[in-house]
Amino acid sequence: MKALKVENVSKLYRLGNSTDLDDTSANPVVRLLKRPLNNLRKYRSLYRFSDEELNSSESRKDILWALNDVSFEVDSGEVIGLVGANGAGKSTLLKVISRITPPTRGICTTRGRLSCLIEVGTGFHPELTGRENIYMSSTILGMRKREVDAKFDEIVDFSGVEKFIDTPVKRYSSGMAVRLAFAVMAHLEPEILVVDEVLAVGDVEFQRKCLNKMSNVGKDGKTVLFVSHNMAAITRLCDRGFLMKGGRIIQDGSAADIVHSHVTAGSLTTSWREWLDIAEAPGDDSVRLRRVGIVTESGVAAGMINAHDQIGIQMVFDVLEEGQVLNPYVTVISETGIDLFSSIDADKRYESEFRKPGRYTVTAWVPKGLLAAGTHYVRAVMRSVKRQYRPFTERDVISFNVLDPEGEAIGAGWWEGRPGGVIRPSLNWTTEYISAEMLIEGQL
Amino acid sequence: MNEADIDLPETRIVPVASWGGIDLREVFEYRDLLYFMIWRGLKVQYAQSIGGLAWALIQPAMQIILFAVVFGGLLGLDADGRNYFLLVTLAVIPWSYMSSTLDGTSQCLVTNSALMAKVYFPRATFLLIQVFGNLVPFLVSQVITIAVMFYYQVPLTSQIFLLPVVLLLMMLVPLSIGVWLASLAIRFRDFRIAMGMVMRMLIYTVPVMYQSDKIPDDLRQWYILNPFVGVIEGFRACFLGYDYPIQWDSLLTSAVITSVLLISGSVYFRRMERVIVDVI
Ligand SMILES: Nc1ncnc2c1ncn2[C@@H]1O[C@H](COP(=O)(O)OP(=O)(O)OP(=O)(O)O)[C@@H](O)[C@H]1O
Ligand SMILES: [Mg+2]
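Line by line, the protein sequences are chains A and F.
Here the first sequence is numbered in the working numbering, starting from 1 and rising by one per residue.
Here the second sequence is numbered in the working numbering, starting from 1 and rising by one per residue.
In case anyone wonders, no lab produced these hints; they're calculated from the structure.
Keep in mind the model is a prediction, meaning the values are calculated, not measured.
Beta carbons are placed, not taken as given, at the ideal position from N, Cα and C, and that holds for glycine.
Nothing false has been slipped in among the hints.
Short, incomplete list of chain A residues facing chain F, as computed with Cβ under 10 Å:
id, residue
1, L46
2, V96
3, C108
4, I118
5, G123
6, L128
7, K145
8, V148
Below, computed lysine-lysine pairings styled on DSS-like, alpha-carbon distance capped at 25 Å:
id, chain 1, residue 1, chain 2, residue 2
9, F, K118, A, K213
10, A, K151, A, K163
11, A, K163, A, K213
12, A, K213, A, K151
13, F, K118, A, K151
14, A, K245, F, K118
15, A, K151, F, K43
16, A, K5, A, K245
Sequences and hints are given; from them, build the entire structure.
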């Protein structure tokens, strides 16, 4: 059964305040007197459009089709990930579906109750206690009081702020307030849940708890529409994805495909960076960085990496003048900004010897099964034995995504207990076993 | 598919709101929200202050005393043999309710626009929060009415049975104007500044510190077009009894004007509530 049907939905916005510019009368007094009239027209123009504007199919400098003829259908129980660059229209689509803003054209049909999570803590008021805010926020998000009554203990439990439940929220630490707000969101029980990037806040462990809770929502036959810039979350949570660009859905497919298209489209991750113009390349007169990229064993560039594949971080640099001992090195940084490890070119030949002019391609091979799933950033540095001399230090020069196929296969239930940590090396485990009988004998 | 799914209500979201007023059924579905929002408003407004709900008494009491001293005492306004203090009390109390409700409803969409950009619920809830929320201090201030009635030993008459009608009208009059102003405030931003001024002047157009007998007879037909007049005269009549007969002309005019404003206003409101998020 269709939970959601969107038919040719378009949304037109007016940009800027065009009527301010229309006013050409030179007399400042006339201008001042005409001001209120212009203001009236200005506010009206924000929601009224001329036929000519409505018929234009492309955005212009004063109007913008934030959604442009979007159509799709979602089955009940599907979890959809919405992916796209900033300004692609994802939030606008969610707002139309959740009735916050009307479409300019087209029809949406939703079946069942819908809750929409656009910010954390909708309806929270600092003067109210935790208990009162739970009721306030839940009812604003579409629950009935008796439903909150039934879930109240569970919500408090989930938030982990039992002790402060009768304290005004203004006395909470910001983390506690966020946890409480999330707990409310996680316990909403609408048929359709619309989520816009709210998971971008909160501590990592708590985020994971929420994602897990949300994925259970999907399993219960709830329909979820989920916007995130966190590609790992999209692949883990969603069955299906939409890639949005310029107000249109340009691709509708499996979540993995959508994430792949989005990442390789270069709109989010650049796993390959090249400087064609040597004058703009990082470095100085003696050495210039020309290229940094992620390669696989077969030599091709890759932005999405399976945790079990070996990858190499490749740097290409031109030495322009002889006379420096140069050691390239790379640092890999996690999504959360932790330096995971650094590695310096261990080639004995160049430890003390000057590098001859020419082009060098160096590749640092990262062992298989070392990195945890998620986005990783690379810092590329050129070092020299001469103290204080660093020809270049390029922070976050490239980034790449590691996917954890195991995590997907084992399913969402597994990653609540997922081992923490910023890396996830596959270690060799050994087991020694002594049978119970032997143990008793040994004791005797 | 299980049985439950078949019954799920469908919502159609279309570009332009169909003609029609506020969807009362939907507002009713969100009654729990209305309750918590009213409660939140009261708590935030009163819980922090030391006086708490006592402020709901102090405010009208001060105003009554001020009017009684300035207009009754110093200016010696003629009360036609009636008790001036009593007249002022019975007008200030409904007037306080109506003016704060009018003020609250006229701003409700603009002040809550941030919330409206985040979540959907029937926007008319904001109007009802004002209408019902302001009833709480109004009910508290009945302490004053009762005290004054007792003090002056005014006997109740059968006119008191009109009170439910007058109270209903008292709630609907500011709502019917507020529903228009709330929608218009989306386009007329100056309303916010203008409202304070208008509210202060509005009090002179209603019989709060004077009696409407002072209005010349040939002007009365125009005077009673102000729907607040009917409510205040009605409120006085309920309590003062046969000494102060019910003025049917003002009461009926008020009811008719209020109905017209309320129906037309809710149609306009329904159209404007949808666009406010795009405009703010
Ligand atoms: N009220 C508005 N008035 C005018 N333009 C608007 C309005 N709201 C959104 N837009 C424009 O519509 C476009 C789509 O915005 P939207 O918020 O849907 O993007 P998004 O895909 O959610 O981006 P992000 O990833 O940054 O959240 C943007 O170009 C934005 O400037
Ligand atoms: Mg957005």
